[in-house]
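This is what each chain is made of:
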Amino acid sequence: MKRTFILLTLLLSLFVCCDNGGDCKINNVSYYRARFYTINSETGLEEKTQFPESINVSLVVNGKDSTVVNHLTDATDLALPMSYTASCDTVLIEFGDIATDTLFVHHTNIPYFISMDCGMGMYHEITEVNTNGKFIDSVAVIHSYINFDRNENIKIYITE
Amino acid sequence: MLMLSLSAAAQQTTEKQDVVTESLLDFRGMNVSTDVFGYAYSILEDYISGEASLELNLGNKYYPVVEVGYGSCNFTDETFGIHYKSAAPYYRLGLNYNFSNKRGKAPKKSYIYGLGRFAFTRADYDVKTPPVTDPVWGGESSLDLKGVNGFYSWIELGVGVNVKIWKHLRMGWSIRYKARVNQVTGANSRMWYIPGFGNSRHTTFGGTYSIIYDIPFK
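Protein chains in written order, with the working numbering: chain A, 1 to 160; chain B, 1 to 218.
For reference, chain A alone in the conformation it holds in the complex (with noise of 0.2 Å):
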């Protein structure tokens, strides 16, 4: 019996470690992850790029503009949060002097209750992305859902 309690307890001491509790971030935003890709013109097999020049991105919703990224350079990818109540950001991308490029994102808003302990998230879902095609060949949607999870969300095809 002594020794099926002493399994027992530890057993249960085991399990005590294992609760990973909430899923709280700072702020509760959600953000979306694009990385950058080009089209290898021998093989046709997408690779993944980054940009040596420094790169700024600013974000365009309804009229207020908002520069999230500054001077990036070797940039592989893009953390960008959403609006909460538009249902279309507009993103633009320096390219260094090269050029400016818009990537149109419309997306729905849902606002998530996760806990008591952290409160109202805002989750999205991207419906559909259109760029205007100066230096960006192509965008294509991998996961169109967006909450706390770090998953790439769109990938960008750079022209070469």
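Simulated from the structure, these hints should not be mistaken for laboratory data. You may find that some hints are simply not true.
[Said to hold, decoys possible] Below, a list of computed lysine-lysine pairs in the DSBU-like style, where the Cα atoms sit at most 35 Å apart: (1) A:25 / B:128; (2) B:128 / A:64; (3) B:109 / A:25; (4) A:25 / B:146; (5) B:105 / B:164; (6) B:61 / B:105.
The hints should help you fit chain B onto chain A, whose structure is shown.
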């Protein structure tokens, strides 16, 4: 002759199996109990629960249990101002294992046991949140959900003590570790208060303090 001997052998085997089965799962009685800890807990927290259980005694060693309860919560958080309201029944099925009793010896009046449960609840809840401001562009968003349906299942492991007080009356307590198995979330929320489990976490601890009545059997 061959058929008769085969038939006799089969009968003997069946009888042997019956004897073994009866010694393992020999019905020795049953009891009903109610948990008073859930009522007392409402002094500390903004939720209350009550439950009753039915337990069978098999061979003074194994005790299959059914527990049925009802939990209720009506809470407003002071930090965020979120209001949450829910009330629903919950169900547990499981087994107690008596560590104290030995085979071939007289059963003890008081004993320590280990317990295992599978539990679940299906609850409707209301959530209302105050407006939250967009930190980048401004603008506000809020939630006012009513009658959202949630489902939550979990397992419990623990230990308990069962003590004879007077005639057919017993008292007992148990400490339980609870771990989530599955939950169904809504499009805009997840359950925060889970009847029979507590606040929404992956794991938690709970306890019972029960008054038990042994149903007399001849």
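Check whether the Cα positions of residue 61 (chain B) and residue 105 (chain B) lie no farther apart than 35 Å. holds (12 Å)
If you draw a straight line from the CA of residue 109 (chain B) to the CA of residue 25 (chain A), is it 35 Å or shorter? violated (52 Å)
What's the verdict on residue 128 (chain B) and residue 64 (chain A), does the C-alpha distance respect the 35 Å limit or exceed it? Holds: residue 128 (chain B) and residue 64 (chain A) sit about 29 Å apart, inside 35 Å.
With the threshold set at 35 Å, check whether the alpha-carbon distance from residue 25 (chain A) to residue 128 (chain B) stays at or below it. holds (20 Å)
Between residue 25 (chain A) and residue 146 (chain B), does the CA-CA distance stay at or below 35 Å? holds (26 Å)
Are residue 105 (chain B) and residue 164 (chain B) close enough, with their CA atoms no more than 35 Å apart? Cα-Cα ~18 Å, so holds.
Hint 3 from the list above is the single one not met by this structure.
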